[in-house]
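I would like the entire structure built from these sequences, with the hints used as guidance.
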Amino acid sequence: TKTIIFDYDGTIHHTLGIYEPAFRETYQWLTEQKVTEEREIGSVEIAGWLGLNSKEMWNTFLPELDQSYKEQASRMVGDL
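Numbering (full-length UniProt numbering), first residue to last: 1 to 80.
Rather than coming from a laboratory, the hints here were simulated on the basis of the structure.
Ideal Cβ placement from N, Cα and C applies to all residues, glycine included.
Careful, some of the hints might be misleading.
Restraint-style ranges between C-beta atoms, simulated for each label pair [what the hints assert, rightly or not]: (1) D66 x I4: 31 to 41 Å; (2) S68 x K2: 36 to 46 Å; (3) T3 x E38: 39 to 49 Å; (4) S68 x I4: 30 to 40 Å; (5) K2 x G51: 41 to 51 Å; (6) E32 x P63: 12 to 22 Å; (7) Y69 x E20: 18 to 28 Å; (8) A22 x D66: 25 to 35 Å; (9) P63 x K2: 31 to 41 Å; (10) Q33 x I4: 11 to 21 Å.
Structure follows, in structure tokens:
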């Protein structure tokens, strides 16, 4: 018997250490594209998105962002 464990919210593995830098780099790219205004985003806010899928995360964080940018940003976070 094999068991697979999914740690969507970072309870077992410190996911924030990987996710936060990737998110910050992607967010910087979005501000450079001038599709959102730069603002300070704390680690606590970023940690609140752990466990959400990418669609839920971007719809929560930047609901007004064009869908094509949401999709590109999701790919970027996943690749970094």
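Going through the hints against the structure:
1. D66 x I4: 31 to 41 Å: This hint holds: roughly 35 Å between Cβ atoms.
2. S68 x K2: 36 to 46 Å: Given about 39 Å between the Cβ atoms, the range holds.
3. T3 x E38: 39 to 49 Å: Holds, since T3 and E38 (Cβ atoms, about 43 Å apart) stay within the stated range.
4. S68 x I4: 30 to 40 Å: holds (33 Å)
5. K2 x G51: 41 to 51 Å: This hint is violated: roughly 24 Å between Cβ atoms.
6. E32 x P63: 12 to 22 Å: Holds, since E32 and P63 (Cβ atoms, about 21 Å apart) stay within the stated range.
7. Y69 x E20: 18 to 28 Å: holds (20 Å)
8. A22 x D66: 25 to 35 Å: violated (21 Å)
9. P63 x K2: 31 to 41 Å: Because 40 Å falls inside the window, the suggested range holds.
10. Q33 x I4: 11 to 21 Å: violated (37 Å)
Hints 5, 8 and 10 from the earlier list are contradicted by this structure; the remaining hints agree with it.
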